[in-house]
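Enquirer: This is what each chain is made of:
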Amino acid sequence: MDEELRRELAATVAEYRASLAPRIAALEALRGDLASGKAPAARVAELQRELHSLTGSGRTFGFAGVSEAARAAEVFVEAAAAGPLDAAAWERLKILLQDLALAVP
Amino acid sequence: MVSGETAKEPSIKEQDVLSLTPKGSAQLSEARTSLSAQELEVLVLVDGRSSVAQIIRSARGKTREAVLETVAKLRGAELVQVASELTYGAIDAGDFFSARMPSGPLPGADQEAAAGVSSLQHKGYYVRIARRAGDAQAPAEGRSISVLVIEDEAHLAKLLGTYLKLEGFVPRVAANREAILAELRRPEPLDLVLLDVVLPDVDGFDVLASMRRHARFKSVPVIMLTAKATREAVLKGLHCGADGYITKPFEVEVLIKAVKTVLGLEGEGSGLTELAPPGS
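Respectively, the protein sequence lines represent chains A and B. If you're matching positions, the first sequence starts at 0 in numbering that gives the first Met the number 0 and goes up one per residue. If you're matching positions, the second sequence starts at 0 in numbering that gives the first Met the number 0 and goes up one per residue.
Hints were generated in silico from the structure; no laboratory data involved. Glycine is no exception: its CB is placed at the ideal position from the N, C-alpha and C atoms. It is possible that some hints are incorrect.
Said to hold, decoys possible - A few chain A residues that don't get close to chain B, going by computed Cβ distances all over 10 Å: (1) K37; (2) A38; (3) A63; (4) A71; (5) A78.
Claimed, not checked - What follows is a list of derived Cβ distance ranges for each label pair: (6) R48(A) / V253(B): 18 to 28 Å; (7) A36(B) / A17(A): 58 to 68 Å; (8) E2(A) / E231(B): 39 to 49 Å; (9) E231(B) / L101(A): 30 to 40 Å; (10) D1(A) / P199(B): 26 to 36 Å; (11) G141(B) / A71(A): 43 to 53 Å.
Extracted from the complex, chain B is given alone in its bound form (with noise of 0.2 Å):
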């Protein structure tokens, strides 16, 4: 076990993002320690750099406040710390995206690319079930699901949001790149990320790239929403690392499934909710 936070430092938040100290590595790879089962986990999961509420998210089965008590422990006892340069007020436009696809070749992803295109045109969505189980992340118990949806047609992000929230989510839009930037410098933890490929000025791959290189938004869950069921388009997201792919034009029921499907919720809830008939 490891001593109290010293009274000096700031009280953490959850939009702090951390990162292990060498001594932090060093109890990580040394055969004998002194942490508690819970310290180590924690430990873990900041796995590099990774923010507070993500950590909150990944610690299952433990509330909010032991799992701050234990970071603020180990930050007192120099393991972990605030990396603060990469907090979410570090987000500005020329940073944020700067961020480019990767290049080079990911194993397995041709076979996998072929397969969501195949479920694409198919059933009209296509979701990486696979990641998510590397990194899956639920919401502490209690909190909403919070739900960005970045989508330029405003008719049809104002439709999203309402259905999302009918299905108990707590949506939140985004049309353009200044409005993206807005809404992922706001503190507030974020779920799941549906996002359009085609934007008017700045392209959805872009963002999703400089998402997962981004400390904060690295493991979020990411949708695309793709009028290309090709399999370079497959092939471009799963470099950038979707969780899933949506077809344009999409039943918002497919919309909901994908949704449940990427948050590890599927088979839950009240069930899928029909679009009103056009004249309603």
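One chain only, chain A, in its complex shape (with noise of 0.2 Å):
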């Protein structure tokens, strides 16, 4: 039975890791659509949730730096979303994404 659900750990594990490149392309995706006005200026709360997300949860798969990156991007985006976001915010945005990203092991 331990066996089982260790492999099942595993499974869940791998099954995050794979997660995280989509979901980081969607967000950079999403900066992008926001930054040239595609996207209405609300969806900026899905860019937070999802990076809220993937800060409370990278740890605890074991992918620290994932959290951390995830967490400097979340809190960026949160001060800077207090006011109406500039170019220099969006391109500093995505170079947190950046950094994100190779923060996937």
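Got two chains here, separate frames each, mind docking them using the hints?
Expert: And the structure:
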């Protein structure tokens, strides 16, 4: 039984890791749409929510770097979203999302 | 001693919620009583309104059957009644989620919040052991401990579920408002809830406040999973009646330790399980 559960654990960790690249790619796509005005500004909440989810989960799966990089992006968006985000802020977020992608082992 | 249950009454079920009748309340306040010690203990455990499952968990050293028999006798003697309007079937979205966080000062909350924040920042978790001492309810011997994981990150919920199974718990999972209601409507006893604060369509603190207001869930221990290790967040949880906090992101070992502490199982079991290394 334990062996089966341990295999289940390993599979869940692998699934989570495999989900990270597409999730980060979707974040970057949304960032691009928000920066260009293609997406309504209200969708910045989706960006925050997904970053929050990655912050809160990465370390638990053994990927502490993912949590740290997602946290840096989350904090930046939270602070920046208090006012209108300018081109420089969107560029800064692009770099933070690249850091997040690099944090995936 | 009271006489037995009358034949016309349906049998008592674990999900039934009991309340004291005026006659039952009078028994507790009178100087003399004809009740046995066990009957008195069950009357005290009803404490206004309690589910039969909660009474079974609280009546230490007594079998489920013995408690059910005592409850049936007390009901037959019209000392307790089934408060049918509060059974699990009464949980609907409009009613259950109408509760909001209580307001106003909580005695000693400031100091406890400060201690809680310090503990969260230091250890990644904080458990209100004082509250557990008052409401501690161990499951009946031999019954599995059921833990409801309310978490919308699907991978994380699955991982926690597997770890809980490895530790011998029976996990249940809910990711949103509708799933939470569905889980709470289930008749099986619920021993602990791990509650994420940020959920897609409902606030975790509102879920906690609603549980604390509901007869069936008012004493079920709840550990909040939160990214916010702030004094305000801890105060908010104290107001709502949380039993513990875990800061996200957490190590699974920290979570299991907090679960065992809140359930009064710390120091028992086979120890903590290591997370599978990345890439395995």
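Enquirer: For E231(B) and L101(A), compare the CB-CB distance with the range 30 to 40 Å and indicate the outcome.
Expert: holds (34 Å)
Enquirer: Using the C-beta atoms of A36(B) and A17(A), is the stated range 58 to 68 Å upheld?
Expert: Check passed, 60 Å falls within 58 to 68 Å.
Enquirer: Just tell me: holds or violated, for the beta carbon distance of G141(B) and A71(A) against 43 to 53 Å?
Expert: holds (49 Å)
Enquirer: Take a quick look at A78(A) and tell me if its Cβ sits farther than 10 Å from every Cβ on chain B, holds or violated.
Expert: About 16 Å separates A78(A) from the closest Cβ of chain B, which puts it past 10 Å; holds.
Enquirer: Taking the minimum C-beta separation from A71(A) to chain B, is that value above 10 Å?
Expert: Holds: least Cβ distance 14 Å, greater than 10 Å.
Enquirer: Against the range 18 to 28 Å, how does the distance between the Cβ atoms of R48(A) and V253(B) compare: consistent or not?
Expert: holds (24 Å)
Enquirer: Is it the case that A38(A) keeps its Cβ farther than 10 Å from each residue Cβ in chain B?
Expert: holds (19 Å)
Enquirer: Beyond 10 Å from every Cβ of chain B: is that where the Cβ of A63(A) lies?
Expert: Not fine: 8 Å to the nearest Cβ puts A63(A) too close to chain B.
Enquirer: Confirm or reject the claim that D1(A) and P199(B) have a C-beta distance inside 26 to 36 Å.
Expert: Roughly 33 Å apart at Cβ, these two residues keep to the hinted range, so it holds.
Enquirer: With 39 to 49 Å as the target window, see if E2(A) and E231(B) comply at their CB atoms.
Expert: holds (45 Å)
Enquirer: Please check whether the beta-carbon of K37(A) is more than 10 Å away from every beta-carbon in chain B.
Expert: Correct as stated: the minimum Cβ-Cβ distance to chain B is 24 Å, above 10 Å.
Hint compliance for this structure: hint 3 is the single one not met.
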